[in-house]
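K.L.:
Sequence:
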Amino acid sequence: MSTSQISQHSDVLIVGGGMVGLCIAHQLLDRGMSRSITVLDKEPELGRHSSGRNSGVLHAGLYYKPESLKAQVCVAGAKRLRAWVEERGLPINPCGKVIVPPRAELDPQLDVLAERGRANGATVEFWDQQQLHKLIPEARTASGRALWSPNTVVVKPLQVVQRLQQELQHQGVRLITAAPGWRVQPEQCSLSLVDGSKLSYGHLFNCAGLQADRVAHQFGIGLNYSLLPFKGLYWQLKRNSPIQPRTNLYPVPDLSVPFLGVHFTPSADPTPLVSIG
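Residues are numbered in the working numbering as their position in the sequence shown, beginning at 1, plus a constant of 33.
Simulated from the structure, these hints should not be mistaken for lab results. Some hints could be false.
What the hints assert, rightly or not - Restraint-style ranges between C-beta atoms, simulated for each label pair:
(1) D161 <-> L243: 39 to 49 angstroms
(2) L256 <-> R279: 23 to 33 angstroms
(3) Q251 <-> E200: 28 to 38 angstroms
(4) V295 <-> R272: 17 to 27 angstroms
(5) E76 <-> A137: 38 to 48 angstroms
(6) M66 <-> A152: 44 to 54 angstroms
(7) F159 <-> S233: 53 to 63 angstroms
(8) A175 <-> R272: 52 to 62 angstroms
(9) R279 <-> G154: 17 to 27 angstroms
(10) E171 <-> S233: 49 to 59 angstroms
(11) E76 <-> Y258: 33 to 43 angstroms
(12) D161 <-> E100: 29 to 39 angstroms
(13) A175 <-> W268: 17 to 27 angstroms
(14) A109 <-> E148: 42 to 52 angstroms
Said to hold, decoys possible - Simulated crosslink set (DSS-like; lysine-lysine; CA at most 30 angstroms straight-line):
(15) K103 <-> K264
(16) K271 <-> K75
(17) K167 <-> K189
(18) K75 <-> K189
(19) K167 <-> K75
(20) K231 <-> K167
(21) K231 <-> K112
(22) K112 <-> K264
(23) K167 <-> K264
(24) K231 <-> K98
Beta carbons: idealized from backbone N, C-alpha and C, even for Gly.
Just need the whole structure built from these sequences, with the hints factored in.
P.N.:
Structural data, given as structure tokens:
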């Protein structure tokens, strides 16, 4: 829907039509909390940024400290999204994930991850080199141990976004795309778009991803904070490559930094393509 067609009020205005924004709209509808919802996005199509450009791994909850909000959201969210994807027959690869220490001194971190995973409700198993070799002949563990997470799955993120968009629009959610610029009037609970039309709202959700700080600043919120994004690059292995892991293969991460390390991920295609990044 073009912006020139819009000049209206919504009970809920969601800025950002990525996974977070669409899932909030979905839950508001599902729980009967609102049926007057507008989603505003700056791109002509949804999923052009992080929501549609990621490896699609639904992590089982090994990395986050027990009882933390991240742990709760990761574990519950992965289970619910997996069920949602399976109910709709969308592509999914229940391939699991194995974590290996590239250096022997990192072996104790496997115990930390296992403890966190079990505390968060995830299933984990310790493997030896022989068990690892059966699944991924090319993989090696520097300590003789590896950690197996059988409930980690891979989905097609862009297809998930597109299906969410389709269902939400079918239920009456208004979607405004190609709206990169607007001016806020916080005291009036409204936005003015570049074409002169106005969107007023009862509640606004800032789901703008990497631009969330800029959106917040327009409302005078979080002025002392700025997002520092990191770009991840992935390479796709050729189908005739001798290295074709059938599961996610991750190194033991440094838990003091927000990176999981260079890893292999098979896609959710009928014949999986393997990415490394």
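K.L.:
Compare the structure with each hint and give your call.
P.N.:
Hints versus structure:
In this structure the supplied range 39 to 49 angstroms holds for D161 paired with L243, their Cβ-Cβ distance being about 41 angstroms. In this structure, L256 and R279 break the distance hint of 23 to 33 angstroms, their C-beta atoms being roughly 48 angstroms apart. Roughly 30 angstroms separates the CB atoms of Q251 and E200, a value that falls within the hinted 28 to 38 angstroms. In this structure the supplied range 17 to 27 angstroms holds for V295 paired with R272, their Cβ-Cβ distance being about 21 angstroms.
Here the CB-CB span from E76 to A137 is close to 46 angstroms, well matched to the stated 38 to 48 angstroms. Checking the proposed 44 to 54 angstroms range against M66 and A152 shows it is violated: the Cβ atoms sit about 31 angstroms from each other. For F159 and S233, the hinted distance range of 53 to 63 angstroms is satisfied, since their beta carbons lie about 56 angstroms from each other. At roughly 29 angstroms, the beta-carbon separation of A175 and R272 lies outside the given 52 to 62 angstroms, and the hint is violated.
In this structure, R279 and G154 meet the distance hint of 17 to 27 angstroms, their C-beta atoms being roughly 25 angstroms apart. Checked against the hint of 49 to 59 angstroms, the pair E171 and S233 passes, with Cβ atoms roughly 58 angstroms apart. Evaluation of the 33 to 43 angstroms hint for E76 and Y258 yields a failure: the beta carbon distance comes to about 24 angstroms. Take D161 and E100: their Cβ atoms lie about 31 angstroms apart, and the range 29 to 39 angstroms holds.
For the pair A175 and W268, the supplied restraint of 17 to 27 angstroms holds, since their beta-carbon distance comes to about 24 angstroms. Separated by about 19 angstroms at the C-beta atoms, A109 and E148 break the suggested range of 42 to 52 angstroms. Between K103 and K264, the direct Cα distance comes to roughly 21 angstroms. Compliance with the 30 angstroms bound is thereby established for this hinted pair. For the given pair, K271 sits about 34 angstroms from K75 by alpha-carbon distance, which is inconsistent with the 30 angstroms threshold.
Between K167 and K189 the CA atoms are separated by roughly 27 angstroms; this keeps the pair inside 30 angstroms, and the hint holds. For the suggested pair K75 and K189, the alpha carbons sit about 22 angstroms apart, so the restraint of at most 30 angstroms is met. With a C-alpha separation of about 47 angstroms, the suggested pairing of K167 with K75 is violated against the 30 angstroms cut-off. Taken as a hint, the K231 and K167 pair is broken in the structure, with Cα atoms around 60 angstroms apart against an allowance of 30 angstroms.
Among the hinted pairs, K231 with K112 is inconsistent with the structure: their alpha-carbon atoms are about 39 angstroms apart, more than 30 angstroms. Between K112 and K264 the alpha-carbon distance is near 27 angstroms, which keeps this suggested pair within the 30 angstroms criterion. The straight-line distance between the Cα atoms of K167 and K264 is roughly 33 angstroms, outside the 30 angstroms bound, and the hint therefore fails. About 43 angstroms separates the Cα atoms of K231 and K98, which puts this hinted pair outside 30 angstroms; it is violated.
In this structure, the hints that do not hold are numbers 2, 6, 8, 11, 14, 16, 19, 20, 21, 23 and 24, in rising order.
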